[in-house]
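Both chains come to you apart, so use the hints to assemble them.
Below are the chains, spelled out letter by letter.
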Amino acid sequence: MDKILAAIFGLVLFGFGFIGKHFIDSYNVISFSDTINWEVNPFGFLSLLVTVLLAIYVTRTLSKKNEKEKIESELLINYLLQFKEDLLNRFQYISSQDNIQQTKINSDCKILRKRLHSILELAVDNNYIGQDDQIINNLKEKIREIWEILTDTPQKPNGKTSKGVTDGMAILRTDRLNKVETSIIDIEKLIFNFIIKLKK
Amino acid sequence: MEHFIKLSKDFSIAPGSRYPDEGDHSGEEFRKNLLVPAFKKCLETSEVLTVDLDGTLGYGTSFLEEVFGGLARDFGIQSVLTSITIISNEEEYLKEDIIEYIKNANG
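As you go down the protein sequences, you meet chains A and B in turn. Quick note on the numbering used here: the first sequence kicks off at 0 and runs consecutively. Quick note on the numbering used here: the second sequence kicks off at 9 and runs consecutively.
Here chain B stands alone, though its shape is the one from the complex (with noise of 0.2 Å):
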C-alpha cells in the first residue's frame, strides 16, 4: 500500500498558521490528525511516506516548521529525514525549508 499525503487534497488549499488557536488548518492539526497517523504506519511497514505540498495557496514558515519540525520533536531527526519524502514541484526550494527545519528541530 503506497503511503501518500496530498496535502491540498486530504487537509487544506489554504493552510494556515501554527496552533489551532491561531485559526483554521493550523500545521499541528495537520501533523496531529493526518501526518503522525501515517508516519506510524510507515515506520511500523519500514516505508517511506510521501507528502505532496503541490496545489494550495502557499505555505508559512511556522505552518511547516510546526508540521516538519514537530514531527521530527516527536520521532527524531534521523528518522524522519530517512521516512519523509516531499514533493514540491511548485516550490522547489521548500524542500530545502523544510530539510532545515527538521534538521534544525529541537525537542
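If we strip away everything but chain A, and leave its shape as in the complex, we get (with noise of 0.2 Å):
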C-alpha cells in the first residue's frame, strides 16, 4: 500500500515539474534547454560515484548496525527487567513464608545469581559497558550481599550451634528480610542506572 502511495505521489511530483518547466518557458527569461549534454566530467563522475557508495553505505551497512545494537540494546533491557522482576517474586515467596527449605533458598540464589552473572557477561562481552565499572561490581556483590544473609549461619559459638536453621527448614529473621529488601531495593537502582546507561 505504502508503495502503492509512493508511486502515485512520485507521478504527482513528476507531473507537476513537468507542468512548472512549461510555465517558466511561457513567463520567464529564463528557459530550459530541451537537450541534453552527455558530456562526461571525470571529477564530477566520481563525485556522483563517492555519493552513490556512501548513500549505499549508509542505509545498508549503518543503518544495518544501528539496528542490530538497537535490538541487542533492547535484549538486555529486558534481560535485567525480567531479572528484576524474578527476584522480586522469588523474595516474596520467601518472605510471605514462617519457615523455608534451606536448599529451596539455595536453589533461588543459585539461579538469581547465576542469571545476574550471565546478564552481565553478555553486556561485557558486547561492550556496553567495561568489566570494571562500578554498576557491574556493584550489582554482584548485592546479588552476592543477598545469597549470605540468606544462605548464612555462624559457626559454634562455644558448641552451641545456631538455630537459623532447624532439620533443613531455615527460619528467617525479621531483621535478616530487612536488609534483604534493602539489597534488592539497591539492586533496582544499579539497574535503573544500567538501563540509562545502555540506553545512551
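It should be emphasised that the hints constitute simulated quantities derived from the structure, not laboratory data. For glycine and all other residues, C-beta sits at the position ideal for the given N, C-alpha and C. Check each hint, because a few of them may be wrong.
Rough simulated footprint, nothing fancy, chain A against chain B, three-plus residues with beta-carbon under 8 Å [as the list claims (entries may be wrong)]:
#1 20-26
#2 68-81
#3 99-113
Structural data, given as C-alpha cells:
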C-alpha cells in the first residue's frame, strides 16, 4: 500500500515538474534546454560515484549496524527487567513463609546469581559496559550479599549451634529479611542506572 | 590414582547448611566423611585433590565456609590453597568465594 502511494506521489511530483517547466518557459526569461549534454566530467563522475557509495553505505551498513545495536540493547534491557521481576517474585515467596527449606533458598540464590552474572557477561562481551565498571561490581556484590544473608549460619559459639536452620528448614528473622529488602532496593537502583547507560 | 570428588554424585545434589543438627547433607558431614579422608591421602602422595561442585541445586554460604574454611582450619590455609582444585563451571564465581573462605579461615 505504501509503495503504491509512493508511486502515485512520484507521478504527481513528475507531473508538477513537467507543467512547471512549461510554465517557466512561457512566462519567464529563463528557459530550459530540451537537449541533454552527455559530456562526462571525470571529477563529477567520481563525486557521483562517491555519493552513491556513501548512500549505499549509510542505508545498508550503518543502519543495519544501528539496528543490530538497538536490538541487542533492547534485549539486554529486557533481560535486566526480567531478572528484577524474578528477584522480586522469589523474595516475595521467601518472605511470605514462616520457615522455608534451606535447599530451596540455596536453589533460588543459585538461579538468581547465575542469571545476573550471565546478563552482565553478555553486556561486557558485547562492549555495552566495561569489565571494571562500578555498576557491574556493585550488582555482583549486592546479589552476593543477598545470598550471604539468606544462607549463612554462624559458626558454633562455645559449642552451641545456631538455630537459624533446624531440620533443613530456615527460619528467616525480620532483621535478615529487612537487610535483603534493602539490598533489593539497591539492586533496583543499579538496574535503573544500567538501563539508562544502555539507552545512551 | 586420581583424587576426585564430585559433590553431586558422591554426596548429595541438595547440599544443606553448616552442621548436621541444622539438617541433612551438612557441610560438616561432607568435610568429615568425604573431604578430609581424601585430602589426607592427597597430602601423603603430594597430589592435588579436585572437587567438582557442579550438578547440585545450589550451595549456601555456611555450607561452603564450613567445608573449605573448615578444611583450612584443620590443615592450614597454604596447604589447602596448594592442594585443592575446584571445578565450578555452572557458577564460576564460587571459586573466588571459596578462596576467600579459605584465606579468611581462622583456627
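Would you list, in rising numerical order, the hints stated earlier that this structure does not obey?
none
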